[in-house]
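Number of protein chains: 4
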Amino acid sequence: MARRGRTTIDSLLAPVRDVLNRRIFPDRGLTDPQLELMFQILSSMDTDKDPEAARVGEREARVASPYVASLAADFNHGIGRSGQLSAPQPKAAGASLMQQVANSTALDAIRKLGLSNTKAGLVTPVSTGMSIALVMGALRRELGIKNVIYPRIDHTSPKRGIALAGLDEVQIPTVIEDDAVRMDLGEFENSIKRTKACAVLATTTFFPPRESDPVKQIARLCSDHDIPFIINNAYGVQSQDIMAQIRSAIDAGRVDAIVQSSDKNFLTPVGGSIVVSPKSEIIEWTSDTYAGRASAAPVIQTLAALLSLGHERYKELQQQQLENLALLKDNILNIAEKLNQRVLEIENPVAFAITMDNLDVHEIGARLYNARVTGPRAVKKGDFGSSTENYPHSYIVMNAAIGVRKEDVDTATDKLYKEASR
Amino acid sequence: MARRGRTTIDSLLAPVRDVLNRRIFPDRGLTDPQLELMFQILSSMDTDKDPEAARVGEREARVASPYVASLAADFNHGIGRSGQLSAPQPKAAGASLMQQVANSTALDAIRKLGLSNTKAGLVTPVSTGMSIALVMGALRRELGIKNVIYPRIDHTSPKRGIALAGLDEVQIPTVIEDDAVRMDLGEFENSIKRTKACAVLATTTFFPPRESDPVKQIARLCSDHDIPFIINNAYGVQSQDIMAQIRSAIDAGRVDAIVQSSDKNFLTPVGGSIVVSPKSEIIEWTSDTYAGRASAAPVIQTLAALLSLGHERYKELQQQQLENLALLKDNILNIAEKLNQRVLEIENPVAFAITMDNLDVHEIGARLYNARVTGPRAVKKGDFGSSTENYPHSYIVMNAAIGVRKEDVDTATDKLYKEASR
Amino acid sequence: MARRGRTTIDSLLAPVRDVLNRRIFPDRGLTDPQLELMFQILSSMDTDKDPEAARVGEREARVASPYVASLAADFNHGIGRSGQLSAPQPKAAGASLMQQVANSTALDAIRKLGLSNTKAGLVTPVSTGMSIALVMGALRRELGIKNVIYPRIDHTSPKRGIALAGLDEVQIPTVIEDDAVRMDLGEFENSIKRTKACAVLATTTFFPPRESDPVKQIARLCSDHDIPFIINNAYGVQSQDIMAQIRSAIDAGRVDAIVQSSDKNFLTPVGGSIVVSPKSEIIEWTSDTYAGRASAAPVIQTLAALLSLGHERYKELQQQQLENLALLKDNILNIAEKLNQRVLEIENPVAFAITMDNLDVHEIGARLYNARVTGPRAVKKGDFGSSTENYPHSYIVMNAAIGVRKEDVDTATDKLYKEASR
Amino acid sequence: MARRGRTTIDSLLAPVRDVLNRRIFPDRGLTDPQLELMFQILSSMDTDKDPEAARVGEREARVASPYVASLAADFNHGIGRSGQLSAPQPKAAGASLMQQVANSTALDAIRKLGLSNTKAGLVTPVSTGMSIALVMGALRRELGIKNVIYPRIDHTSPKRGIALAGLDEVQIPTVIEDDAVRMDLGEFENSIKRTKACAVLATTTFFPPRESDPVKQIARLCSDHDIPFIINNAYGVQSQDIMAQIRSAIDAGRVDAIVQSSDKNFLTPVGGSIVVSPKSEIIEWTSDTYAGRASAAPVIQTLAALLSLGHERYKELQQQQLENLALLKDNILNIAEKLNQRVLEIENPVAFAITMDNLDVHEIGARLYNARVTGPRAVKKGDFGSSTENYPHSYIVMNAAIGVRKEDVDTATDKLYKEASR
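Line order of the protein sequences matches chains B, L, V and C.
Using our numbering, read the first sequence as starting at 372 and increasing by one per residue.
Using our numbering, read the second sequence as starting at 372 and increasing by one per residue.
Using our numbering, read the third sequence as starting at 372 and increasing by one per residue.
Using our numbering, read the fourth sequence as starting at 372 and increasing by one per residue.
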């Protein structure tokens with residue numbers, strides 16, 4: 372019976388051991404008790420858990436109460452050393468190991484989900500925009516970059532990231548082609564020829580009517596002109612198409628870093644990002660750019676979500692996402708017909724936009740919020756948001772991103788019809 | 372009996388209500404169950420908890436499992452809106468309220484602990500060095516700052532913060548006066564006259580033999596020359612002396628922001644900071660500089676620690692810190708005498724340094740680590756760390772910072788004697 | 372936005388309020404966070420949570436540490452008053468309310484799942500056997516019962532329950548009819564005529580080859596002879612057939628109490644039971660029989676499981692149980708054919724028995740245990756377990772009880788074939 | 372650094388290993404994280420945690436949700452086998468080991484706290500009164516006991532325990548000697564001579580004016596007459612005097628079992644008891660009397676509290692109890708003088724009684740409850756509670772039992788004065 376007890380514990384811990392030893396994105400996810408045990412073991416290795424330690428630093432992971440420590444899953448020392456996110460911290464053996472496991476696991480996940488030609492990865496404890504700032508800051512320090520060529524996207528965060536790094540944004544205008552808003556490739560080519568000490572930031576995922584930037588063409592041009600190229604792949608991991616485009620961009624030209632949100636792709640709480648690169652020095656430089664020791668929480672959350680999902684469940688979620696996207700399309704086409712509106716014809720991996728011409732689109736957006744529909748984006752003709760000055764429609768965007776449920780799509784579109792037809 | 376049950380709940384929740392309504396640093400700390408309940412109520416206000424919500428955004432706080440959500444205390448939406456840390460996020464009423472409560476409570480704590488002349492505060496989800504970067508980035512954007520005058524401190528994080536913001540560091544050298552290493556005031560005055568588009572960053576707390584910068588004099592000079600002045604007050608909140616100096620600096624001249632670590636002062640897990648200012652626009656600008664939505668975890672942890680401690684227990688901890696500092700002094704003087712070494716005569720609120728001349732100070736440091744003493748700093752004559760090129764001693768620094776226990780001091784000094792006298 | 376936050380909280384708490392106000396088995400189950408919040412609110416009403424209370428009793432729910440309290444979900448006062456399980460305890464308003472909600476909810480569940488003609492219910496903090504002892508003790512005290520007529524079941528717990536109550540067991544023998552082992556009705560009729568001061572205990576659920584006792588006939592006889600009748604319905608709640616038989620027994624004759632396991636029927640941890648009755652005085656008497664204040668834990672667990680499931684999910688689980696039972700039958704018939712054995716033809720709501728004639732059934736049982744199959748019952752011809760002296764087969768019993776998964780059935784039967792055919 | 376991490380974990384787990392290997396009451400208590408880890412390891416050994424197990428029993432520790440399981444600290448299988456509390460349960464290796472550790476640790480604690488001449492122990496999952504029933508039931512089954520000689524105590528639970536076991540209570544009257552109410556020794560001696568097939572139940576701790584029974588004299592008489600003797604030592608473990616009396620009773624005569632509350636002595640949530648004996652067969656018999664598998668929760672809670680406290684902190688708590696008892700005496704003497712009442716002169720290890728003659732003692736008791744004083748006992752002259760028919764005073768009892776705080780005593784006595792002098 373004791374042997375049977377030991378067998379049970381061994382089976383339970385086998386995936387945990389596997390994570391710590393192999394550091395890969397597992398095929399099969401771990402259960403919550405397994406995750407909890409794993410983090411307990413790791414956080415127990417930090418010196419603040421050592422009952423015999425004499426602690427005489429100015430920062431010793433002392434915490435106000437057990438509840439306060441629990442809010443950090445007991446990783447009270449945070450991660451990194453002064454100005455080096457991935458450097459082992461002698462006081463925090465457990466947190467340091469955890470960060471390394473997180474980096475490896477996230478890289479393995481990104482590789483298995485499409486970017487098999489990336490070589491290094493880093494889970495950062497900050498948002499996608501801040502991670503872009505860290506990468507840009509690293510390029511400024513190491514390569515003397517001063518300007519960032521950035522095809523227009525009406526999104527504040529990346530702009531803030533560029534600005535925080537003290538770089539000047541060189542905006543590339545967009546053009547309207549049929550329904551789609553795309554970057555102006557001619558202007559882009561001119562710009563990379565003209566701009567000194569520059570890097571390029573392109574975007575794979577944004578709201579319709581804006582389409583993805585042509586990362587393969589850009590990578591080739593960047594290679595030709597020896598210009599660093601950063602891809603903001605905010606929520607592109609879920610899309611096999613987008614991942615395939617990025618993979619060929621890496622193969623065909625120059626890509627320095629790909630930045631993605633952990634929450635938008637891997638169902639973690641908001642707050643962390645994953646930076647991967649085909650070149651390991653880019654990741655080292657980026658890790659060297661965070662100024663201080665950081666909160667472990669976003670990294671733990673990202674690692675926990677990756678391990679909780681596992682590759683198999685992720686593939687199921689991708690499958691469901693595609694099904695729900697098709698459902699969203701059907702529902703929204705149906706509404707368009709009834710309302711005498713049109714669904715915009717735009718390539719987008721998770722979203723559709725329906726015109727709201729001659730309707731008060733802001734009012735409809737507000738009503739949807741009150742009707743407890745979260746996430747639709749209501750843009751009035753001419754407003755900031757279309758990534759162009761003169762888009763000819765008002766419209767509402769709805770997403771069927773990874774993790775969405777069938778009932779979300781059905782309820783949201785029902786309510787859209789109800790509110791738009793009042 | 373039902374009435375009695377209600378009375379009990381009311382008494383239990385009274386401090387929680389008080390926190391949410393008055394948003395002050397309470398005299399008496401909250402218990403862990405009170406804190407847990409408060410955060411549960413707050414996180415329950417976010418839309419991802421709404422069982423009726425239809426969620427069709429690209430980011431909807433979906434989480435991989437209950438354990439993953441628990442790692443964020445269920446604040447799955449993070450904090451802030453795209454590029455505005457303190458902006459209310461419509462999907463996250465609870466997190467937005469929490470962030471506001473955190474800002475107010477932290478400001479009130481800083482005011483009550485000495486800086487009664489500050490007017491606005493912000494709890495940031497990043498380290499002190501990164502928070503310096505955010506402030507500097509804000510000054511660059513709003514005031515066109517290009518250079519940072521920075522009296523030499525041998526510490527990587529703030530330098531990284533300045534660099535990340537794309538600013539050039541203008542280092543002011545130090546001078547040795549008796550045992551102390553101080554900034555060279557003459558050089559400083561020259562520098563602020565000469566440097567265009569600059570801000571000043573000074574430091575209140577660092578390791579001996581470096582002493583605090585004279586913030587009052589600097590504030591006067593900054594006022595005279597209309598130069599923004601940032602104080603890195605990393606672990607100065609615990610010291611009534613240092614807080615008094617900063618308060619008079621604000622009264623006497625120009626101070627734009629004071630940045631402090633939440634973990635070093637308030638016993639939270641590593642990862643957040645508190646920025647306060649006598650001018651509310653500085654705080655707004657800083658809040659506008661974080662590029663994206665951020666992890667709620669460091670803010671929750673900081674708020675929880677502030678509320679767990681309360682003003683009364685904080686004062687007790689300050690008192691104990693002074694007692695343990697006196698104990699550390701006695702112990703270390705005693706060791707110095709037995710070893711024929713000397714305790715350096717340096718003003719420092721939490722630390723003492725003892726010379727290790729003619730001893731292998733690195734070896735002693737390594738032995739202390741193996742003997743499970745964490746935090747001592749072993750610096751060899753001439754090495755980086757003394758904030759000067761030619762300090763005439765090797766030495767070991769030990770701290771009795773807030774939260775230290777008597778047994779830490781006694782064990783650490785016993786082991787120091789044992790290892791240094793081998 | 373604040374209104375939206377309040378809406379979210381209201382939606383979240385609506386089912387919790389419903390539970391506390393209506394005290395019914397909900398159609399739709401509560402989520403774990405809802406359950407946790409509900410228990411926190413309830414346990415917060417107990418006086419040990421009152422920060423202003425002055426506590427000068429000999430028992431004041433003081434606990435060694437927060438973890439110790441968490442093991443009781445903070446219901447540190449337990450339930451009941453000295454010798455009355457359901458009596459309100461003035462120090463423990465919350466626990467008292469919780470116990471009442473548990474009683475009502477459990478009764479409502481039992482009524483909705485078949486026994487609509489029961490009127491009162493009690494969740495006890497002890498096993499089914501101990502609950503039988505409590506009922507029997509009550510009947511002894513109130514009605515002067517001395518003997519218990521008990522059709523033979525080879526199960527120790529109920530016998531121990533009868534003995535603990537100081538009553539003498541009058542065992543009714545069984546007869547073998549085809550494959551089935553049934554109570555001897557003739558002997559039973561003789562016995563109730565002959566035995567003074569007696570009650571009857573009958574059983575609805577046991578392992579094949581024993582079949583259920585004919586509760587309707589017994590109830591009629593008990594009514595005719597004015598004898599109290601207790602039904603041990605250990606895991607019969609899951610079976611609509613058995614519940615229908617008990618309902619008609621109540622309608623047709625005399626039934627005093629029906630005792631069921633909470634874990635075997637409602638997926639709670641082992642330890643509590645549910646006693647229901649068509650007569651409320653029986654429940655009061657039983658509640659008066661527990662000698663002291665009891666652990667709240669088994670009651671909390673039972674209530675939590677009932678609320679977590681809800682009626683709809685329970686019906687789904689019942690449906691799945693029937694499907695898995697059919698699967699078990701198919702698999703086991705298949706094995707029987709291959710092994711030249713036979714599946715016994717026995718009425719049983721959850722189990723099948725396959726003969727193991729001329730095989731070493733104990734050895735096969737041991738191998739199954741080592742092969743990590745839990746729960747099969749291996750009985751050798753002639754051993755205790757068949758509820759008769761001379762059952763003509765060795766056999767193995769397997770169950771597909773509520774909560775079983777398809778893979779359990781498939782794996783267990785695969786391994787059975789493997790181990791039995793070696 | 373990895374070595375250092377391992378050292379930290381080893382130090383953290385050393386006391387846990389010690390508990391599992393040595394199974395003693397440790398000198399120094401375990402921390403909450405250590406306890407949590409220990410229980411996690413143990414509960415992980417149960418088969419319901421085995422991801423490979425195929426589960427085909429009628430009871431397989433399936434649980435409705437993770438929260439429901441957490442309410443049992445994941446010991447979903449409960450403890451014991453059908454009718455044997457301490458028997459190893461093959462499905463539950465971890466729970467079985469836990470129960471054995473609990474029994475050993477509790478016995479060791481009782482031995483170290485005074486009863487060094489006991490030899491076996493059992494932590495039961497039921498109240499003191501129910502544990503008395505289990506012991507009595509065992510004596511009935513094994514020794515044919517029919518009657519229990521019981522010196523009068525006005526407390527319902529033990530009477531219910533005797534009745535549940537189907538035994539007849541033979542009550543010994545009390546006598547009033549000065550202020551004290553004591554058992555009538557002469558009547559007792561007559562009774563044990565006269566009564567057939569009897570056991571004796573005596574009491575060490577009750578409210579003033581009732582004093583402890585003379586256990587040493589009783590033990591001698593029981594030895595002389597070969598009568599089993601059970602001591603209800605409800606909250607006597609905290610008192611060194613009472614423990615010394617019981618120890619000499621064991622040495623001087625016959626004692627079969629000593630039953631104590633876990634919550635009243637060891638700061639656990641209400642619900643478990645500890646039975647110890649100088650004879651191991653008594654413990655075995657008692658363990659054989661619980662009818663079924665039981666909830667693990669009360670046992671876990673008791674073990675956790677014992678380990679959390681440790682011997683050193685327990686001795687400190689005993690010391691504080693004595694100090695607070697002295698404080699209670701001072702305060703209450705002072706009040707008595709001011710109110711012209713008298714403190715009754717009674718030997719009691721934790722309580723004092725003050726007369727309330729010519730006052731409405733029930734009204735004062737009710738007011739104290741509303742003033743949030745819990746635990747005082749208000750008895751009107753002649754009412755049930757004095758353990759005699761004709762006690763000449765009304766009075767209020769207050770306790771300073773183990774775990775009481777100075778502020779409890781001061782607040783309670785202040786309010787007593789306030790309410791009694793209105």
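Certain hints may be false.
You can't tell identical chains apart in this list, so a pair holds if it fits in one copy or across any two.
What the hints assert, rightly or not - Cross-link-like lysine-lysine pairs, in silico, BS3-like; alpha carbons within 27 Å at most: (1) 777 - 700; (2) 700 - 786; (3) 517 - 587.
In case anyone wonders, no lab produced these hints; they're calculated from the structure.
**Asked** If you check each hint against the structure, which ones fail?
**Response** none
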